[in-house]
Each structure stands twice: as structure tokens, then as C-alpha cells.
Amino acid sequence: MSVNEKIVSDLVANNVNFVTTVPCKQLAGVIDLIEKSPDLKHVPSNKEDEGMGLCAGAFMGGMRPAIIMQNTAIGVTINTLVTLTQYYRMPLPMLISYRGELGEPVACQVEMAVHTKALLAQLHIPTYHFHKEEDVEELDAILKHSFMCNKPVAILTDASFWKGY
Amino acid sequence: MVRSDVLKEIASILRDQLVVCNIGLPSQELHLIDDQPTNFYMLGTMGLASSIGLGLAMAQPKKVISIDGDGSVLTNFGTLPTIANNTTDNFILLIIDNGSYGSTGDQPTYAGQKTSLTAVAKACGCDNVIECDAADTGKVLQEALDGDKMTIIVCKCESGNVKVPVITMDPVTIRDRFMGAVKS
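Line by line, the protein sequences are chains A and B. Numbering-wise (the numbering used here), the first sequence opens with residue 21 and increments by one. Numbering-wise (the numbering used here), the second sequence opens with residue 375 and increments by one.
Do not take every clue at face value.
Said to hold, decoys possible - A few chain B residues that don't get close to chain A, going by computed Cβ distances all over 10 Å:
#: 1; residue: 383
#: 2; residue: 390
#: 3; residue: 406
#: 4; residue: 419
#: 5; residue: 425
#: 6; residue: 430
#: 7; residue: 448
#: 8; residue: 456
#: 9; residue: 496
#: 10; residue: 500
#: 11; residue: 512
#: 12; residue: 519
#: 13; residue: 532
As the list claims (entries may be wrong) - Distance windows between CB atoms, simulated:
#: 14; chain 1: A; residue 1: 157; chain 2: B; residue 2: 480; range: 51 to 61 Å
#: 15; chain 1: B; residue 1: 558; chain 2: A; residue 2: 141; range: 21 to 31 Å
#: 16; chain 1: A; residue 1: 154; chain 2: B; residue 2: 479; range: 51 to 61 Å
#: 17; chain 1: A; residue 1: 151; chain 2: B; residue 2: 408; range: 46 to 56 Å
Treat the hints as calculated values from the structure; they're not laboratory data. No experiment lies behind these values; they were computed from the predicted model shown. C-beta atoms are modelled at their ideal positions from N, C-alpha and C, and glycine is treated no differently.
Modelling step: build the complete structure from the supplied sequences, incorporating the hints.
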């Protein structure tokens, strides 16, 4: 099973059924599988805070949401994470492409990468870093954790994890 | 008519529907006029009433009305293409367009100047976009509810606010009460 297949399979096994995405090159394969999955309602969003609004609504309607986005989105979504997802205590697994780490060809991506973990720590968001392919084995437990405690959780997936793109 | 007059006028229509209400004075006014478990009050996060409402409408079959403002829609313009391209016939977006940022002191918005939200919604691909005068909002909203088609209503009203208390209900209580109403 490929990493992308494993991610989608874990989402489905955890009854995640609503996924919104803002694309990143590293995430192209998994977004493609999500679009094709009959078990996942996929709603692409134009901006990540909009996507978090969709997820909040879907959760209150009885679905189990997740968002897929790039780490630059942390800069976009702090207000939404704090005043919507956290304030109303809602679960939200965030599968995040961790751009700007080792192997990154685009220098500007490093500017956000150096702030990513500090911002997530400041927001008290449980954060997991997938660096090696086998780290994906933890995804199942992380998804369960988010829905158990009604909190957003961040899964940072770097270029080494994706073995380049 | 100002926004609170519009809300008073449509309160009896809203009462039986799931309502996601915009941050600030709109939620405070609705809370004062007719607090219902079927109301989800946004206490923060300007701009996302339409996104939350659309997600909610996609997730379950009951009708959902998002009450938004022109300033908030301008803040989250990306919502209109998402709505247009994900037709959800149990969703109504009611934009109360008073041409001003009411909660922050009635500073003018661009929607009250050259920008037409009705034209923007249509250009984004929304099929049923109805602009109406404030006095006709109840009639147009009831027709949209009866029509079973996703509808965007742009209600043109005057700017102006009434004094209302802030909502002191805990956010988790608002959410839990609302989710109970969604399920019932």
C-alpha cells in the first residue's frame, strides 16, 4: 500500500467522511485519491480558513471532517483555529504539507517553516511530524486522538516523508 | 429599515430553521429578538458564516440559512465560488447588505459603493441570486425555503444599529445546544 493509499485508508477507517483541501505539490497524490474515494465527500476550498468553516459546519451536521493544506496556511488560519475550532471545541485533523524543510527547493518556503512548530506550540495544538515513511503508522492513532478530545491536531509531513515530489 | 428591523420581520420564519448567524451585532440582535436552540451564534471568526452554513447543509438534510453581512462576505469572497460549484439545495445564504461594517461603527464597505454582491455572486456561478429591498425579505426568504433550490438573497437595507447586549452564553453550550437541535 502506498503512503497515499494508507492515508486515505486510515481516514476512511476512522469514519472521516468530509475532507476539504487546498493543494500543495507534495499533497497532489493524496488529494487525487480523496477526490476518487466514494467514502469521502471532497470539497476543495479557496482558502484554508474557509475550509475550516466548512469543516465546522460539517461536524455540527454529524460528519467527521479533516482538512489537507500546506503549512503556510497556519499563517492564514490562526484566528479561525482559535475563535472557531478551539473556542467551540471541535475536532479537526489537519494533514499539513511541511514545506521549507530539508530537500526544499524554494527558499521562500523556509521562511514559514521556521515558524510552523512555534506557532502550533503557541496555539497548544497537538503536533506530530512525519519525517520517515513508517511514521505514517501513527496516523490512525492521531485521528482517533483528535475526535476523542475534540481538538484540532496537526500532522506535519515533510519532503523526506514524501521522498521528494 | 435597518438590519435589526429585518431580523424582527423574519424571526417567525427563521424560528423553525437551522440558522448560522454572523459575528457581532447580527448574532446579538437575533439572540435578543428570538433566541432558539436552532441558532448557531458566531462569537468570532468574521467571514465564515456562509462556509459553516454550507458545510452544515452538505452534512445533513435539514434546511440551513446563513445570515451574513456585506462586510463579512467581502472578507471571505472565496466562499461564493465554493457555494456555486457545490450546489446544496437545502442551503440559503441571506446577505443583509447595509453597505457598512455595522459592528465596528458603520464604516462604509465597497458593497455600498461600486461593488454589487449580487453581480459578484452571479459571476461566481451561483444560479439563484435574488436582490430584494429590506421590506420584501420575509417574502423572498419564504419563497426560497419553499423552492428547494440553493438560493443567495442579497437584502438591501439601511445601515444603523440598535443597542443590544453581548452574548454571554458559553461557546460550547451554543454548539452543543445547536447540535442537539440539528439531530432532533
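Now for the hints, and whether the structure bears them out:
| no. | hint | in the structure |
| --- | --- | --- |
| 1 | 383 | holds, 26 Å |
| 2 | 390 | holds, 17 Å |
| 3 | 406 | holds, 21 Å |
| 4 | 419 | violated, 4 Å |
| 5 | 425 | violated, 3 Å |
| 6 | 430 | violated, 4 Å |
| 7 | 448 | holds, 13 Å |
| 8 | 456 | violated, 6 Å |
| 9 | 496 | holds, 18 Å |
| 10 | 500 | holds, 14 Å |
| 11 | 512 | holds, 25 Å |
| 12 | 519 | holds, 18 Å |
| 13 | 532 | holds, 28 Å |
| 14 | A:157 with B:480: 51 to 61 Å | holds, 55 Å |
| 15 | B:558 with A:141: 21 to 31 Å | violated, 40 Å |
| 16 | A:154 with B:479: 51 to 61 Å | holds, 55 Å |
| 17 | A:151 with B:408: 46 to 56 Å | holds, 53 Å |
Consistency with the previously given hints fails for numbers 4, 5, 6, 8, 15, ordered from lowest to highest.
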